[in-house]
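Trainee: So the chains spell out like this:
There are 2 protein chains.
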Amino acid sequence: MQILGFPDSEQPAQALARHLGCDYGCVELHRFPDGESRLTLPSSLSSSGTLIFRSLDHPNDKLVELYMLSRDLRERDIPRLGLIAPYLCYMRQDTAFHEGELISQQHIGHLLAQCFDDLITVDPHLHRTSTLHEAVPVKRALSLHPTTLMAEFLKTWPDAVLIGPDSESAQWVEAIARHSGHEHGVANKQRLGDRTVRIELPSINVKGRQLVLVDDMISTGHTLAQAAGALLERGADRVDCLVTHALLDRDAESMLHSGGIDKLWSTDAISHPSNVIALTSLIASAVSDLAESYR
Amino acid sequence: MQILGFPDSEQPAQALARHLGCDYGCVELHRFPDGESRLTLPSSLSSSGTLIFRSLDHPNDKLVELYMLSRDLRERDIPRLGLIAPYLCYMRQDTAFHEGELISQQHIGHLLAQCFDDLITVDPHLHRTSTLHEAVPVKRALSLHPTTLMAEFLKTWPDAVLIGPDSESAQWVEAIARHSGHEHGVANKQRLGDRTVRIELPSINVKGRQLVLVDDMISTGHTLAQAAGALLERGADRVDCLVTHALLDRDAESMLHSGGIDKLWSTDAISHPSNVIALTSLIASAVSDLAESYR
Numbered sequence: 000m001q002i003l004g005f006p007d008s009e010q011p012a013q014a015l016a017r018h019l020g021c022d023y024g025c026v027e028l029h030r031f032p033d034g035e036s037r038l039t040l041p042s043s044l045s046s047s048g049t050l051i052f053r054s055l056d057h058p059n060d061k062l063v064e065l066y067m068l069s070r071d072l073r074e075r076d077i078p079r080l081g082l083i084a085p086y087l088c089y090m091r092q093d094t095a096f097h098e099g100e101l102i103s104q105q106h107i108g109h110l111l112a113q114c115f116d117d118l119i120t121v122d123p124h125l126h127r128t129s130t131l132h133e134a135v136p137v138k139r140a141l142s143l144h145p146t147t148l149m150a151e152f153l154k155t156w157p158d159a160v161l162i163g164p165d166s167e168s169a170q171w172v173e174a175i176a177r178h179s180g181h182e183h184g185v186a187n188k189q190r191l192g193d194r195t196v197r198i199e200l201p202s203i204n205v206k207g208r209q210l211v212l213v214d215d216m217i218s219t220g221h222t223l224a225q226a227a228g229a230l231l232e233r234g235a236d237r238v239d240c241l242v243t244h245a246l247l248d249r250d251a252e253s254m255l256h257s258g259g260i261d262k263l264w265s266t267d268a269i270s271h272p273s274n275v276i277a278l279t280s281l282i283a284s285a286v287s288d289l290a291e292s293y294r
Numbered sequence: 000m001q002i003l004g005f006p007d008s009e010q011p012a013q014a015l016a017r018h019l020g021c022d023y024g025c026v027e028l029h030r031f032p033d034g035e036s037r038l039t040l041p042s043s044l045s046s047s048g049t050l051i052f053r054s055l056d057h058p059n060d061k062l063v064e065l066y067m068l069s070r071d072l073r074e075r076d077i078p079r080l081g082l083i084a085p086y087l088c089y090m091r092q093d094t095a096f097h098e099g100e101l102i103s104q105q106h107i108g109h110l111l112a113q114c115f116d117d118l119i120t121v122d123p124h125l126h127r128t129s130t131l132h133e134a135v136p137v138k139r140a141l142s143l144h145p146t147t148l149m150a151e152f153l154k155t156w157p158d159a160v161l162i163g164p165d166s167e168s169a170q171w172v173e174a175i176a177r178h179s180g181h182e183h184g185v186a187n188k189q190r191l192g193d194r195t196v197r198i199e200l201p202s203i204n205v206k207g208r209q210l211v212l213v214d215d216m217i218s219t220g221h222t223l224a225q226a227a228g229a230l231l232e233r234g235a236d237r238v239d240c241l242v243t244h245a246l247l248d249r250d251a252e253s254m255l256h257s258g259g260i261d262k263l264w265s266t267d268a269i270s271h272p273s274n275v276i277a278l279t280s281l282i283a284s285a286v287s288d289l290a291e292s293y294r
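Chains as they are written, first to last, in numbering that gives the first Met the number 0: chain A, 0 to 294; chain B, 0 to 294.
Looking at chain A on its own, in the form it has when it is part of the complex:
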């Protein structure tokens, strides 16, 4: 088995290969001024089963490159080809929210399933789709959850209260609290307009306490900032955030700041200065489950 990384995933890909004690190579990437990509395989390439490691934030260039790479490796008779994408793109457009909208989740899922035999990802944003396999119909689709890693991280603050900012986040908050024993609750988010939401806090006494908002991802930071504002208004001493995917828009940090959030913590699913939890061990154990097929 070998792991292939890209310049944008070199560090976690290499850490994973080291952890597993398997071969590692980095695909060389050049982007021309006209927007085309040129890929060069590492000279160390072996013909064993191959897992490509690449997180799929800002995905379009990456998808075209993965398409080319997967076809090239198939032509070289690589026996099995998998993708490790800690962040999986295009999962949010899982229905036509307005007439005529394309359901990108299905199309991109089909593209990935065409390229790869297997997929490993972390906390995919699945709402109206019940399983990862339904979204990305590969042979084996493994969806990992960094629950125990997050619980371990939060042990430093045993008295903190964990809050999910909306009902969708209940599953993460409850799973973490089950491991860590933290007090926890879930807020209720009502969307009043495109950028206006009302947050109803759970009935927990937050006065003078440290709160940690827990969610699968942050993009605009709007919901988390609103929830933090509401908690501070109720007398919370400090509010931090812990997310799996730090998919921050340009203005998200100032949004978090304006909401009074102290620290943002994230896993390294998407590379970002807020990364505090490495997913290496979690992904390594999933790879071990697949290892039989990749010898």
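Read the hints as simulated data drawn from the structure, not as lab findings.
Yeah, the Cβ is synthetic: ideal placement off N, Cα and C, and Gly gets one too.
Warning: the hint list may mix true and false statements.
Stated by the list, open to error - Covered stretches of chain B, as calculated for chain A (at least 3 residues, CB under 8 Å):
id: 1; region: 35-49
id: 2; region: 52-62
id: 3; region: 93-101
Got chain A; can you put chain B on it based on the hints?
Mentor: Just chain B now, kept in the frame of chain A:
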């Protein structure tokens, strides 16, 4: 038959539909801050054969979007689906120039052939590949040449001399001159390094005359600028350029300027301020050849 455009191809797509007297719709495109694309079909969509009009400069986002769109339209039982891409991407990486390099032309050609039944393009950059169909194995692959349109445009300067800057451009220069009757010649380009070329001019007396450099595309502008410099040194009065594809890098205009080039003229295959030749009529006649299959 209907033509579908994108916001980036609206003007030429609409002009083509008007010229052909067929239905036209524009696909709505939204790019999210996280780099994902959302497409919305026009409400006027019919279920007839469909030609999508989109030039493929800066192609990666566009390729992902075309993949999604083609799958969506197939699901709606559109009977035949074609692509009109006046500029066709990824044709230059048609071999591994260094060990391990992926041959992008083949992979992207395969992707396009998966999405579309037919392809219409203009002056594709084919060197080591002998036919367009070999590069993009669709049912019908039509490669158009704006020779007569360029000859028509150059009639304003009957005494100009047409020069191809290298042997690869000989085919365009000779074809245009055959129609326009201009005196013409072809220079010889020797590549001395990554960014150094030596230009050997043809034995034509250029003193005091207007020269027009003719090529299929301009990207860095380096070759054209060098050729212009050599012509002006030999006493040329004025040097202009005429190309099919204005695929200019960021520094190309200052490169042309430093080479002493007066005007850059191009077709509208890629939208650019230098566009002076509309390809509508040329593309319309090719569409008419396909029309039988698109009723």
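Trainee: The structure should be examined with respect to each hint, and the outcome stated for every one.
Mentor: Cross-check of the supplied hints:
1. 35-49: Contact hint for the region 35-49 of chain B vs chain A: holds, 9 residues under 8 Å.
2. 52-62: holds (count 6)
3. 93-101: holds (count 5)
When the structure is compared with the earlier hints, no violation turns up for any of them.
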